[in-house]
Amino acid sequence: MARIDLVDLAHSYGGNAAAPESFALKPVTMTWRQGGAYALLGPSGCGKTTLLNLISGIVTPSRGKIRFDGVDITPLSTQKRNIAQVFQFPVIYDTMTVGQNLAFPLRNRGVAQREIDARVAEIARLLDLTPYLDRKATRLTADAKQKISLGRGLVRSDVAAILFDEPLTVIDPELKWQLRSKLKALHRALDLTMIYVTHDQTEALTFADTVVVMHDGRVVQSGTPAELFDKPAHTFVGYFIGSPGMNIVPAVVSGREARIDGHTIRLDRNYDGLPAGARIEIGVRPEFVDVAPPGSGLLLANIERIDDLGRVRFARVRIGDAKFAARVPPGFSIPGNEAGLVFDPSHVHVYADSILVEGK
Amino acid sequence: MDKTVNQKAWFLVLPVFLVVAFSAILPLMTVVNYSMQDTFGNNQFFWNGVGWFKELLDPSTDLGGRFFASLWRNLFFSAVILAIEVPLGIVVALSMPRDGWTVAACLVILALPLLIPWNVVGTIWQIFGRPDIGLLGYVLNHIGLNYNYVSNDLDAWATVIVMDVWHWTSLVALLCYAGLKSIPDAYYQAAQIDGASRWAVFTAIQLPKMNRVLLIAVLLRFMDSFMIYTEPFVVTGGGPGNSTTFISIELVKIALGQFDLGKAAALSLVYNLIIIIVCWVFYTVMTNAGAERRDTKGVA
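Those protein sequence lines, which keep their order, are chains W and B.
With numbering that gives the first Met the number 0, the residue at position 82 of the first sequence is 81, and numbering never jumps.
With numbering that gives the first Met the number 0, the residue at position 77 of the second sequence is 76, and numbering never jumps.
If we strip away everything but chain B, and leave its shape as in the complex, we get:
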């Protein structure tokens, strides 16, 4: 039988195509367009080819220097918060009750920080840490610690990190708790019979069974912290100096502060590319882990 030719089917994908075009493709293409040009205001643009990209990837230039400095800051920040939030989240999940009404209470308390809007979190900590009227800042200074996140780099970093830990450890804890809940009782009973210590139960059963959710937690927390903007912007505004200026803050400074649309566009494309590559790496690792699991199920 001959295949019916009916091109009208294209009309069915047209709405989706239009929505995607206006929401994603056209804005992205505009950015690509800007990244190849330079502007001196007056809506006049001059072709610059890959000039901005060359400058961006060369640390000796002003643009490149700022990009790499903020990139290292961002990576360092992500590494620190992952190193704190993942173990802390696991500890919180392990110490949560397994049943009874306390479970619901714990879940609600843990979920609270996650429900607070980013800029409110920033504002809370901005006020909390102020040496004059903030509870934390006042107390620290009162007991003799010279704490001031506006003037001291280390204090600014500590504030931003503690704020992120406060805001997001719950997410890791909730994911880990879900992973722990899915372990059948028989595993704990078998471990008891095998005479396993608390630590052996953790390393032999709980950690391997939390594998998958931990990967998801690491992925989410890495992406979120790598794209962080609002909270440090509200608390420190990227300062003191440039010490807490992350890539997104740098980007906004270039694009809206200096109105260097070309440089900002080039930076945002590279930023985007880094995120996509990291996502892809995580996705591949995670699906491979999943495939391994499915593979063993098939055999069983």
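Chain W extracted, bound-state conformation:
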């Protein structure tokens, strides 16, 4: 049971002397609440696995501190930290049965046999592994093996946090959601902090109550799925989350108006005093732009194609050089290949050098 604080934590595989820009993880300070379900989301190479390995102690940070419940555990070895980790590929001990696999961490810590038996039975029941306890672990399917990996973490009564490093990579699609809902159920039942690394936004958004989006070694935003969707703090979050991603177009913004391609879009907030010289863009999710018949006062766009996603249709359009996606209202059909775009001003955000600017 622990709250995890990262204090100015950073890591470079080239050592502390490496150039700051080459750091695999750039300095980050944040707090992981006890009992929270977190997802670390980002593309390959964004530093999410590095961050995970720093927390579990597999990697020692170049600088900064990690605290569990206020106690600095940065110099402690992996064994001494109360964490468990589930890896991308199932790690099981080939020669042991499922039961022996589950008992392994307790046996290594010299726990009494009676207690081991009780814990193993309890965890096996939680993970639906009871019928397999006496089977050789190598003969099981990948999802059962991942459950064993998880179980080896759960048997330890001292575990404060469980870290998952893309644990569903090798699981069949139809079993993925089963295992994911199992994880959610366990999270609710056990009051453990869970940190889940993935590059799959669906996995992240369905598993976590707080999603931490990483990009290029930096934490760019941390928030609930709704926050990430409604108010991306960084253009990267905008287009990484959502399908299709957020529209980001260069614009000239002054006061309550944004000009794209000579056309003016009304904004809900006042954006006076934007940093001079910054690259100004506006971002709006396709869900908040509707296609309408071309008419006066509307931004005109060329329709390239329409994607029918079943519940909703999105038009892929072009304004000048900028590509754009916009919702096609139900029952709407477009006469030509030109259409007007209707923006929802409350969902148009302004970004200066990719960072969200709060309007007044």
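Keep in mind that the hints are not guaranteed to be accurate.
[As the list claims (entries may be wrong)] List time: in silico SDA-like cross-link candidates among lysine to any residue, alpha-carbon distance up to 25 Å:
1. W:K79 with B:Q188
2. B:K180 with W:Q112
3. W:K135 with B:Y270
4. W:K79 with W:Q112
5. B:K208 with W:R138
[Stated by the list, open to error] Distance windows between CB atoms, simulated:
6. W:T28 with B:W198: 53 to 61 Å
7. W:G13 with B:R211: 32 to 40 Å
8. W:D71 with B:R97: 28 to 36 Å
Rather than coming from a laboratory, the hints here were simulated on the basis of the structure.
Keep in mind it's a predicted model, so treat the numbers as computed, not measured.
The beta-carbon is built from N, C-alpha and C at its ideal position, and this holds for glycine as well.
Starting from the known structure of chain W, fit chain B onto it as the hints suggest.
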């Protein structure tokens, strides 16, 4: 549609058939032929049926006695060198660096003994162990150990065994190292998190993962040591007495020393049969282990 009959295809396998016939089948048949006959020189042969085989498998006869004595010696030798080389090879592999330039250096040093021709290895140790001019022999005698592989059975055995360990432990070590390198880091990390001791990591991860390469190492080392000829022949010549006379040395003595072609042929056929049977047993064990692995992959 009717199948086209075209017997010309046989001509395509003819070259292979001829090569195999001349390189394997005919010589083997010659040996089978010799094993059924007796000769008193002058290229005169007399039919002896299975007589030599009966004599060979009966330890009370001279031929049988020599065969069984050398067979036990050979099996004992193989058992001893396996018992030394396999654990030693594992220890060497475990203590090798995992990355950096030292890996290449270690691999080259380990590979060196493997590159030396058998009779050169024999010569090296023959000289190395001599009490008068050999470094090893001289030093041992100088510090008070009465070491002489020419006159003392135990010394001869020790020399032959140490020589084989020196020559071939590298092979086991290299195979084990390859096995160790193939273990993903996640296993070590998981073991660390599970609080496993160094010994637990070895028994729970490293040894099971080296399973396959160890089987190959045992097979190769068993076959090689069972067929050993050159090195002990160069060092001890099978002596003192017959104490290091292995089957292959015995075979050469009978065939070329006494020119008893019939007895030698019978012995070499039985020798061959033993090797084939042992190979088959190992092969079956190994492919079964492989099938088990494939089986689990299928499920996963």
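Consistency of the hints with the structure:
Distance hint between K79 (chain W) and Q188 (chain B) is fulfilled; the C-alpha atoms sit about 13 Å from each other, no more than 25 Å. Distance check on the hinted pair: K180 (chain B) and Q112 (chain W) sit about 34 Å apart at the alpha-carbon level, beyond 25 Å; violated. A hinted pair counts as satisfied when its Cα atoms are at most 25 Å apart, and K135 (chain W) with Y270 (chain B) does not qualify at roughly 40 Å. At most 25 Å may separate the alpha-carbon atoms for a hinted pair to count; K79 (chain W) and Q112 (chain W) meet this at roughly 21 Å.
For the suggested pair K208 (chain B) and R138 (chain W), the alpha carbons sit about 15 Å apart, so the restraint of at most 25 Å is met. The hint said 53 to 61 Å for the Cβ distance between T28 (chain W) and W198 (chain B), and at roughly 40 Å that hint is violated. Against the hinted window of 32 to 40 Å, the Cβ-Cβ separation of G13 (chain W) and R211 (chain B) comes to about 37 Å, which satisfies the hint. Between D71 (chain W) and R97 (chain B) the Cβ separation comes to about 30 Å, which falls inside the hinted range of 28 to 36 Å.
Checked against the numbered hints listed earlier, the structure breaks hints 2, 3, 6; every other hint is satisfied.
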